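Chemist: If you use our numbering, the sequence shown corresponds to residues 1 to 164, in order.
The set of hints was computed from the structure by calculation and includes no laboratory data. Owing to the predicted nature of the structure, the values given are computational and were not obtained by experimental measurement. Among the clues, some could well be false.
Distance condition first, Cα-Cα at most 16 Å in a straight line; then the derived EDC-like pairs of lysine to aspartate or glutamate [what the hints assert, rightly or not]:
| hint | residue 1 | residue 2 |
| --- | --- | --- |
| 1 | Lys49 | Glu139 |
| 2 | Lys42 | Glu163 |
| 3 | Lys49 | Asp127 |
| 4 | Lys153 | Glu143 |
| 5 | Lys59 | Glu108 |
| 6 | Lys151 | Glu139 |
| 7 | Lys49 | Glu143 |
| 8 | Lys94 | Glu69 |
| 9 | Lys59 | Glu143 |
| 10 | Lys66 | Asp127 |
| 11 | Lys43 | Asp77 |
| 12 | Lys151 | Glu69 |
Label-pair restraints from in silico Cβ distances [as the list claims (entries may be wrong)]:
| hint | residue 1 | residue 2 | range |
| --- | --- | --- | --- |
| 13 | Lys148 | Glu69 | 15 to 21 Å |
| 14 | His91 | Asp58 | 28 to 34 Å |
| 15 | Asp52 | Lys113 | 20 to 26 Å |
| 16 | Leu161 | Asn117 | 15 to 21 Å |
All C-beta atoms, glycine included, are put in the ideal place defined by N, C-alpha and C.
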Amino acid sequence: MSIDNVHLPGIVTAALYKNVLVDGSEIQNKTQRYKFLGNNQKKITFVTKDADAVFIADKHLLFITKMLEACKMNIADIAIVNHAAHPVLIHELKLQLHPQILILFGLESVDIKLPFNFPQFKLQAYDGCTYVCAPSLNELDGETHESKLLKSKLWVCLRQLFEV
1 MSIDNVHLPG IVTAALYKNV LVDGSEIQNK TQRYKFLGNN QKKITFVTKD ADAVFIADKH
61 LLFITKMLEA CKMNIADIAI VNHAAHPVLI HELKLQLHPQ ILILFGLESV DIKLPFNFPQ
121 FKLQAYDGCT YVCAPSLNEL DGETHESKLL KSKLWVCLRQ LFEV
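Let the hints inform the model, and build the full structure from the sequences given.
Modeler: In structure tokens:
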């Protein structure tokens, strides 16, 4: 009998290769890298940076909700990803969420590894997605004159993006 014709029972094979075989759940976790708030129904992604929240602080969620209502949308239409919880890399985010619109709050495009930088409140189309950089939610969500001015600049962008 040659070694080429030896048949091992499944339990023996599993024991021999227990540290080599790949668990399918690990592969699935790699494709679902980013946790997000929302249902992503309209393929719109908001990327925030808040070290004190899982996704977004409650007071900022209220601000986002009102902003979405003004655009005739709701939280189910978007995905909110927190860059502070898990740094966002654009190529991985695109594989998972397929954003058509991506708004960065308090981040620059190079922070998510886009190959270029652009100013705040400028709509930037690239690789099948439209990007907008905006100030942080802390800067936007206030009652100061400066916050109101920043909100109005953001509103101009949103009206153009969502045709409202």
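Chemist: If a hint holds in the structure, say so; if it doesn't, say that too.
Modeler: A quick look at each hint next to the structure:
1. Lys49 / Glu139: Judged against 16 Å, a Cα distance of about 12 Å means the pair holds.
2. Lys42 / Glu163: 14 Å, holds
3. Lys49 / Asp127: Since the Cα atoms of Lys49 and Asp127 sit roughly 23 Å apart, the hinted pair is violated (cutoff 16 Å).
4. Lys153 / Glu143: Satisfied, since the Cα-Cα distance of roughly 15 Å is no more than 16 Å.
5. Lys59 / Glu108: Distance of about 23 Å is beyond 16 Å: violated.
6. Lys151 / Glu139: 9 Å, holds
7. Lys49 / Glu143: This hinted pair is violated, its Cα atoms lying about 21 Å apart.
8. Lys94 / Glu69: Given that 16 Å is the threshold and the Cα spacing comes to 25 Å, the pair is violated.
9. Lys59 / Glu143: 13 Å, holds
10. Lys66 / Asp127: Roughly 29 Å between the alpha carbons, so the hint for Lys66 and Asp127 is violated.
11. Lys43 / Asp77: Since the Cα atoms of Lys43 and Asp77 sit roughly 7 Å apart, the hinted pair holds (cutoff 16 Å).
12. Lys151 / Glu69: Distance of about 15 Å is within 16 Å: holds.
13. Lys148 / Glu69: 15 to 21 Å: Holds, since Lys148 and Glu69 (Cβ atoms, about 18 Å apart) stay within the stated range.
14. His91 / Asp58: 28 to 34 Å: At 31 Å between Cβs, range holds.
15. Asp52 / Lys113: 20 to 26 Å: 24 Å, holds
16. Leu161 / Asn117: 15 to 21 Å: With a Cβ separation near 20 Å, Leu161 and Asn117 satisfy 15 to 21 Å, so the hint holds.
The structure fails to meet hints 3, 5, 7, 8, 10 from the earlier list, while all remaining hints are met.
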